Amino acid sequence: MSDLRQKILETLGDQFSVALEGMIGESWPANVATTQLPDSNGGSFSWRQKLNIYKDNALYVVASDETWRNVGSKALAAVGLEDAEETDIRATFQELLTQALSGLARFLTSVAGREVTLESGAEVPVPPTKMDSPFLCLHLENPAGTGVDLFVRVEAALLQSLKPPEEPAEAAAPAGEAQAQPQAAAAVAGAGGASAATAAVPTSSMDLLLDVEMPVSVSFGRTHLPLKEVVKLSTGSIVELNRTITEPVEVIVNNCVIARGEVVVIEGNYGVRIQQIVSRSERLRTLD
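Take the sequence shown: its position 117, counted from the start at 1, is 180 in my numbering, and no numbers get skipped.
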């Protein structure tokens with residue numbers, strides 16, 4: 064196994080562990096295992112992911128029915144949804160995988176020396192194993208001993224595209240492919256100045272919401288008062304809150320606590336220095 068392929072798998076495993084811990088609230092450390100992709104994959108979850116630096120099929124992630132159901136149901140149970148529909152369980156697993164792939168893209172950006180972003184991703188039939196791009200196993204296990212396996216195939220051509228320009232490629236690309244790349248770049252440059260981001264296909268339902276504006280507020284504390292106390296409030300009245308001056312304030316987006324931090328003053332304006340990002344499961348519990 065090449066060092067880069069090994070590092071890609073380790074990074075994807077770490078990112079999936081982070082996504083799981085944020086949702087479920089328990090650690091799921093990952094390691095590259097020697098388990099082989101089973102011959103029978105009927106009904107498995109098979110995801111194909113493309114990247115902006117390599118428009119062909121960049122990598123595949125395959126999970127058995129037992130794996131995606133186990134992970135998806137645990138994630139939903141952590142937020143109080145014990146009897147979720149199978150479609151919701153599958154969608155939750157897909158969202159966790161997309162979060163992990165987004166983290167992997169950030170790592171690939173540091174490797175390639177240019178921005179790497181997710182392009183189109185989709186469920187597809189389980190592809191055959193190739194000699195130059197075998198399926199490798201990521202094993203994740205929680206403290207209770209519950210383990211799941213993800214099988215990942217990283218295309219050899221993707222590894223070549225990640226090499227910095229000054230480094231010699233291990234194998235020359237086919238002549239037709241080498242000619243097609245500059246032609247494609249010229250076509251993009253002449254298409255009315257359209258940006259790559261405009262052409263990108265959303266990677267998940269979350270991407271559709273990125274331009275939506277939401278109210279952001281900072282909570283210094285809360286209290287409950289009977290109506291008879293409220294009507295007595297006047298200028299100079301003091302209302303005692305449930306938070307001391309040393310406790311962090313809450314950053315609230317659309318009535319959901321997403322972070323906590325300390326109040327700072329910047330050029331005469333108040334601000335909040337973020338000290339803690341609230342986990343996904345806690346965010347859902349704080350919804351009003």
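No lab work stands behind these hints, which were simulated from the structure alone.
Incorrect hints may appear among the rest.
Simulated crosslink set (DMTMM-like; lysine to aspartate or glutamate; CA at most 25 Å straight-line) [claimed, not checked]: (1) K137 - E310; (2) K137 - E182; (3) K137 - D195; (4) K226 - D77; (5) K193 - E73; (6) K137 - D119; (7) K70 - E149; (8) K193 - E89; (9) K226 - E182; (10) K70 - E204; (11) K226 - D151; (12) K70 - D151; (13) K113 - D146; (14) K137 - D151; (15) K137 - E84.
Keep in mind that this is a model prediction, so the values were computed, not measured.
Hints versus structure:
no., hint, verdict
1, K137 - E310, "32 Å, violated"
2, K137 - E182, "28 Å, violated"
3, K137 - D195, "35 Å, violated"
4, K226 - D77, "22 Å, holds"
5, K193 - E73, "20 Å, holds"
6, K137 - D119, "33 Å, violated"
7, K70 - E149, "33 Å, violated"
8, K193 - E89, "35 Å, violated"
9, K226 - E182, "19 Å, holds"
10, K70 - E204, "19 Å, holds"
11, K226 - D151, "39 Å, violated"
12, K70 - D151, "31 Å, violated"
13, K113 - D146, "33 Å, violated"
14, K137 - D151, "12 Å, holds"
15, K137 - E84, "11 Å, holds"
Checked against the numbered hints above, the structure violates hints 1, 2, 3, 6, 7, 8, 11, 12 and 13; every other hint is satisfied.
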